[in-house]
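As a plain string of letters, each chain reads:
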Amino acid sequence: EVQLLESGGGLVKPGGSLRLSCAASGFAFSDYALAWVRQAPGKGLEWVSTIAGSGRDAYYAASVKGRFTISRDNSKNTVYLLMNSLGVEDTAVFYCARDRNRVRWDGMDVWGQGTTVIVSS
Amino acid sequence: QSVLTQPPSASGTLGQRVTISCSGSDSNLGTNYVYWYQQFPGTAPKLLLFRNNQRPSGVPERFGGSKSGTSASLVIRGLQSEDEAIYYCSSWDDSLSGRGVFGGGTKLTVL
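Chains A and B, in that order, give the protein sequences. With the working numbering applied, the first sequence corresponds to residues 1 to 121, in that order. With the working numbering applied, the second sequence corresponds to residues 1 to 111, in that order.
Worth flagging that the hints you see were computed from the coordinates, not collected in a lab. Watch out, some of these pointers could steer you wrong.
Unchecked claim - No farther apart than 27 Å at their CA atoms in a straight line, the calculated lysine-lysine pairs in the BS3-like style are these: (1) A/43 to B/67; (2) B/46 to A/43; (3) B/67 to B/107; (4) A/76 to B/46; (5) A/65 to A/76; (6) B/107 to A/43.
From just these sequences and the hints, can you work out the full model?
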């Protein structure tokens with residue numbers, strides 16, 4: 001079964017850091033770009049970052065560029081999102097999603113269940 | 001404010017045809033495909049259409065899409081109660097070194 005399982009969410013103070021993980025199974029991991037998409041409480045979807053299947057190319061939303069780093073370990077079938085300098089505006093459910101394309105953006109056809117990040121003092 | 005513009009709400013009766021619009025600009029819909037997602041409360045989004053009008057396996061044929069210039073539409077024919085959800089359009093935007101963009105979402109109510 002094709003599956004993505006996020007972990008690493010939790011409560012963090014403003015200015016703090018958190019690393020999210022997304023473990024994949026059931027497909028050839030390196031053949032697909034992976035993305036993080038977040039959803040603040042009661043709000044719509046916001047793309048955060050995408051990393052190509054090779055790991056060589058990564059893209060970031062302006063709102064997180066310089067603070068968040070996406071990476072992947074193709075030997076462990078896992079993608080990560082390291083989040084630094086977190087602010088209350090980063091409070092959201094973070095979804096990991098598989099892109100249909102090896103490079104980026106051709107429709108995210110597999111989604112994890114999401115992991116919740118709460119930034120609060 | 002979302003880069004892609006969708007109406008916040010739409011509604012229709014059972015069996016009706018409903019259209020949800022998505023408006024963008026030259027750097028996104030004008031150049032790249034549109035993608036549509038369906039989301040039910042408390043669950044992850046689901047890819048509904050890719051590359052403007054292509055349905056992934058398992059998506060009913062009554063879901064259709066189109067794109068013209070910087071605008072796109074999702075059409076649902078033969079509306080069913082289980083279609084009540086939030087629908088998001090999405091695309092790649094070539095500005096700012098490239099970025100993914102979503103519409104603000106349209107809450108579809110089946111009357």
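Outcome of the hint check:
no.: 1; hint: A/43 to B/67; in the structure: holds, 25 Å
no.: 2; hint: B/46 to A/43; in the structure: holds, 17 Å
no.: 3; hint: B/67 to B/107; in the structure: holds, 20 Å
no.: 4; hint: A/76 to B/46; in the structure: holds, 25 Å
no.: 5; hint: A/65 to A/76; in the structure: holds, 25 Å
no.: 6; hint: B/107 to A/43; in the structure: holds, 12 Å
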